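Colleague: Okay, here's what each chain looks like letter by letter:
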Amino acid sequence: MKIFPENVSVYGDDIDFLFWLITIVAGLATLIVLFLVIYPVLTRKKHKAKENIYVKGEGFKQLKWIYLAIFVMAVADFSFLIIESDGWIKTQETLPEKDFHVAIVGKQWLWEIIYPGPDGKLYTSDDVKKFNTMIVPQDAVIHMDLTAYDVLHSVFIPHARFKFDCLPGRKITRWVEFTKSGEYPMVCAEMCGVGHSRMVGKVVVLPQEKFEKELAKIYKK
Amino acid sequence: MSTTHENKGFWHRFFFSLDHKDIGLQYLITTMFIAFFAGIFAMVFRIHLAFPDYHIPLFGIIDAKEYNILVTNHGLIMVLWLSMGILLATAGNYLIPTMLGTDDMAFPKLNKLSYWFFLLSVIILIISFFLPQKGFGGGWTLYPPLSVGDFGYNTPYKTFSDRFFSSNTFVLLAIALEFVALLMGGINFMVTLFNKRAKGMGLLQVPLLVWMIVIASILFMFSVGPLVAGTFMLLLDINAGTGFYDASRGGDPLLWEHLFWFFGHPEVYVILLPGLGILAEVITTNARKTLFGYKFILVLVLIATVLSLMVWAHHQFVAGVDPRAATVFGILTIIISLPFAGVILSFLATLWKSNLRLTLPMKWAMSAIVLFTILGGFTGLHLGAALFDMYAHDTSFVVAHFHYTLIPVVIFAGMAGFYHWFNKFSGRELNQFLGNLHFWLTFIFFNGFGIPLFLLGLAGQPRRYAGYDHIPYLSEGYLPLLREIATISAVILVLSQFIFIFNFIWSVYKGKKVTSNNPWQSTTLEWQTSSPPPHGNFEVYPVVYHGPYEYNRPGVDKDFLPQNQKI
Ligand code: HEM
Ligand SMILES: [Cu+2]
Ligand SMILES: [Cu+2]
Numbered sequence: 000m001k002i003f004p005e006n007v008s009v010y011g012d013d014i015d016f017l018f019w020l021i022t023i024v025a026g027l028a029t030l031i032v033l034f035l036v037i038y039p040v041l042t043r044k045k046h047k048a049k050e051n052i053y054v055k056g057e058g059f060k061q062l063k064w065i066y067l068a069i070f071v072m073a074v075a076d077f078s079f080l081i082i083e084s085d086g087w088i089k090t091q092e093t094l095p096e097k098d099f100h101v102a103i104v105g106k107q108w109l110w111e112i113i114y115p116g117p118d119g120k121l122y123t124s125d126d127v128k129k130f131n132t133m134i135v136p137q138d139a140v141i142h143m144d145l146t147a148y149d150v151l152h153s154v155f156i157p158h159a160r161f162k163f164d165c166l167p168g169r170k171i172t173r174w175v176e177f178t179k180s181g182e183y184p185m186v187c188a189e190m191c192g193v194g195h196s197r198m199v200g201k202v203v204v205l206p207q208e209k210f211e212k213e214l215a216k217i218y219k220k
Numbered sequence: 000m001s002t003t004h005e006n007k008g009f010w011h012r013f014f015f016s017l018d019h020k021d022i023g024l025q026y027l028i029t030t031m032f033i034a035f036f037a038g039i040f041a042m043v044f045r046i047h048l049a050f051p052d053y054h055i056p057l058f059g060i061i062d063a064k065e066y067n068i069l070v071t072n073h074g075l076i077m078v079l080w081l082s083m084g085i086l087l088a089t090a091g092n093y094l095i096p097t098m099l100g101t102d103d104m105a106f107p108k109l110n111k112l113s114y115w116f117f118l119l120s121v122i123i124l125i126i127s128f129f130l131p132q133k134g135f136g137g138g139w140t141l142y143p144p145l146s147v148g149d150f151g152y153n154t155p156y157k158t159f160s161d162r163f164f165s166s167n168t169f170v171l172l173a174i175a176l177e178f179v180a181l182l183m184g185g186i187n188f189m190v191t192l193f194n195k196r197a198k199g200m201g202l203l204q205v206p207l208l209v210w211m212i213v214i215a216s217i218l219f220m221f222s223v224g225p226l227v228a229g230t231f232m233l234l235l236d237i238n239a240g241t242g243f244y245d246a247s248r249g250g251d252p253l254l255w256e257h258l259f260w261f262f263g264h265p266e267v268y269v270i271l272l273p274g275l276g277i278l279a280e281v282i283t284t285n286a287r288k289t290l291f292g293y294k295f296i297l298v299l300v301l302i303a304t305v306l307s308l309m310v311w312a313h314h315q316f317v318a319g320v321d322p323r324a325a326t327v328f329g330i331l332t333i334i335i336s337l338p339f340a341g342v343i344l345s346f347l348a349t350l351w352k353s354n355l356r357l358t359l360p361m362k363w364a365m366s367a368i369v370l371f372t373i374l375g376g377f378t379g380l381h382l383g384a385a386l387f388d389m390y391a392h393d394t395s396f397v398v399a400h401f402h403y404t405l406i407p408v409v410i411f412a413g414m415a416g417f418y419h420w421f422n423k424f425s426g427r428e429l430n431q432f433l434g435n436l437h438f439w440l441t442f443i444f445f446n447g448f449g450i451p452l453f454l455l456g457l458a459g460q461p462r463r464y465a466g467y468d469h470i471p472y473l474s475e476g477y478l479p480l481l482r483e484i485a486t487i488s489a490v491i492l493v494l495s496q497f498i499f500i501f502n503f504i505w506s507v508y509k510g511k512k513v514t515s516n517n518p519w520q521s522t523t524l525e526w527q528t529s530s531p532p533p534h535g536n537f538e539v540y541p542v543v544y545h546g547p548y549e550y551n552r553p554g555v556d557k558d559f560l561p562q563n564q565k566i
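Chains A and B are the protein sequences, given in the same order. Numbering that gives the first Met the number 0 puts the first residue of the first sequence at 0, with every later residue one more than the last. Numbering that gives the first Met the number 0 puts the first residue of the second sequence at 0, with every later residue one more than the last.
If you're looking for bench data, these hints aren't it; they were derived computationally from the structure. Owing to the predicted nature of the structure, the values given are computational and were not obtained by experimental measurement. Ideal placement from N, C-alpha and C gives every residue a C-beta, glycine not left out. Where hints are given, some of them may not hold.
Pair by pair, the computed Cβ-Cβ distance ranges are [what the hints assert, rightly or not]: (1) B:P479 - A:P95: 34 to 40 angstroms; (2) A:Y53 - B:P518: 22 to 28 angstroms; (3) B:R248 - A:F70: 49 to 55 angstroms.
Some chain B residues judged to face chain A by a derived CB distance under 10 angstroms, without partners named [said to hold, decoys possible]: (4) Y66; (5) G137; (6) V317; (7) T378; (8) G383; (9) A384; (10) R463; (11) Y467; (12) Y544; (13) G546; (14) V555.
Rough simulated footprint, nothing fancy, chain B against chain A, three-plus residues with beta-carbon under 8 angstroms [claimed, not checked]: (15) 20 to 28; (16) 52 to 59; (17) 183 to 191.
Let the sequences and hints guide you as you build the complete structure.
Modeller: What follows is the structure, encoded as structure tokens:
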């Protein structure tokens, strides 16, 4: 039984690792919580002495266990933050040198893919527009300019662990690098009207040579 | 102070009465009425997801537009009308004056006006289903540009009357009116707490539930302003053709997201706090122990309240805000989990070494704690980690997460309160067998619905989709099976609530009359008067000598000491 779709991007492992790390730590905490709930239920008839029971939870001495638990939890939380910050900076705040550049424009209800054309530059007159299928090279840094014509959309490529919103009026650049060739779904993750669930495109990842041939075919047409 | 003292029959009681108890019951009934539809909607669209070809009675086969309308209104009603209607308005109105040992709210007429606005908001919401669009369907978050025009196709409305008499406008008006209602209610709660406590009752002798409702109302007041401004601009965009959210005319759709979530995140704490308050009352009564850390909890909650105004953009990690800002919001989000951990642990410490009674309200309360903490709270840590949120955002994982925070708080804690106080407001007992049946069915099938959603989300299933079967990676392996399990569970979950409705109505008329005014042997003041309390609440106004949770106090022979009883 696999939980996640197969990972095919360079940063996907960071994300899956983060999930499992938090899940395991939360799992341990879960055992403690369950114990603290179930044990009192099992022993509920035993307590007689009122002095034992009447505890107001005031002052450091009585609260020390709770402070300790909060402290442990804070340590765990901040470790998660520190561990994830690498991945976050890598995926969101930095743009590695690009090997290929495309624009993805959300539009009710399809993905418009804009290739740079023979001059290799986007937003020039020789750009080529295609719909719903995006071909990209394998093992290459791909810059994606994300925007939308009409309403909000969101590019979601589950196998690449990539998601980012497309907003009308803004052009936001994010990157992805595929480690394996194949076809991967690209769906919309932001409510965009009646066709929202039908906005299903795909990313076709090809080895470098094959990619160049395909791209040339696209440009010729 | 209310002026009418005689009972004037049904019509008067349900429309004009100024008695806070009547108003509380009006809120309860109105809220349950509208929430009934939200529950049916959930059942219908869930059936559509797993069995798209099934012809649903009364609804037929759902198309994408209808699907969006059902989901949107389900979300809106559940969050804005059910959650706040039960936990703030009903609980606040019925319980605040009785728990404070006073005759009524500080401003009974304002209170009545608040209910009328609430009723009006419900009526306007219902009208929105009978306009040309047949209901608003742009998602409960109302994100523009989609919410400005025809949300199905994003085509603009042509004439002014098209725009004004559109579901978009009416939904926004309904929301605005409901906010007016809750603001008036909130002011009343606050003033009542500070000015109308029973003689002798210090601020730190007030039951935690009252504090929680008042703090929640204050938080609501602080956070709602920006959304009102945002709603006003959205109404102008729809009706006057302005472009506040239209990028092509210098506006910005992200502006709405900020204003919406500046309210939207505190809103979940507005819901959570009264829920925690109910848990405190039910747990202490049934654990026969004083609340562990009364002051500690209050301090933690105040810290969390302030923090909750600073975490809104965790809903927008991948929406186009600066990623460095996202880091700050991520840190604050993680920090806000700490005070709540403290509150939950204080509750667990209250259970520790207790002679707890496993009554029906206690079962609801304990499962609320477990489900909220484990499946709602801990998965919040997952989503608070922005990097993982990039993957899980807007998938079923998020849907599962917020149902595991909202349902334990609204349904489980709400039911704990309902089963706890039913005998107080009706003077009768609920049927225990039906009550247990309702509890177990709800518990089992809520998980049967929620756990598959986590797995579906992890498999990459986006939310708000009117069907998944046409998408290959989502119709492989065990995923269709999970959707079927979730759907069947959801249907049983919703249907089990009819057991509760039946039990409620039957017991109000036919239930066994209570033999004691204080059957749970509880300490707070609402139990020290008759069931139901008379107009004015008390024959003799109580004088308070102790804190709210004096159970098993050494030197007292009974195991509980009511607040108004001298030792
Ligand atoms: C009674 C059982 C319930 C069931 C079976 C149920 C089911 C669902 C499902 C399946 C969705 C996601 C739809 C989609 O993504 O396509 C959903 C959305 C939602 N639910 Fe529930 N739900 C229930 C109760 C509640 C309660 C009690 C609350 C709040 C107090 C709530 C709040 C929401 C919200 C805010 C949404 C998001 C709506 C949107 O995306 O616009 N639900 N519900
Ligand atoms: Cu979409
Ligand atoms: Cu939030």
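Colleague: Each of the hints needs a verdict: does it hold here or not?
Modeller: Evaluation of the provided hints:
{"no.": "1", "hint": "B:P479 - A:P95: 34 to 40 angstroms", "in the structure": "holds (39 angstroms)"}
{"no.": "2", "hint": "A:Y53 - B:P518: 22 to 28 angstroms", "in the structure": "holds (23 angstroms)"}
{"no.": "3", "hint": "B:R248 - A:F70: 49 to 55 angstroms", "in the structure": "holds (52 angstroms)"}
{"no.": "4", "hint": "Y66", "in the structure": "holds (8 angstroms)"}
{"no.": "5", "hint": "G137", "in the structure": "holds (7 angstroms)"}
{"no.": "6", "hint": "V317", "in the structure": "holds (5 angstroms)"}
{"no.": "7", "hint": "T378", "in the structure": "holds (8 angstroms)"}
{"no.": "8", "hint": "G383", "in the structure": "holds (8 angstroms)"}
{"no.": "9", "hint": "A384", "in the structure": "holds (5 angstroms)"}
{"no.": "10", "hint": "R463", "in the structure": "holds (5 angstroms)"}
{"no.": "11", "hint": "Y467", "in the structure": "holds (7 angstroms)"}
{"no.": "12", "hint": "Y544", "in the structure": "violated (16 angstroms)"}
{"no.": "13", "hint": "G546", "in the structure": "holds (9 angstroms)"}
{"no.": "14", "hint": "V555", "in the structure": "holds (8 angstroms)"}
{"no.": "15", "hint": "20 to 28", "in the structure": "holds (count 4)"}
{"no.": "16", "hint": "52 to 59", "in the structure": "holds (count 6)"}
{"no.": "17", "hint": "183 to 191", "in the structure": "holds (count 7)"}
Checked against the numbered hints given earlier, this structure breaks only hint 12.
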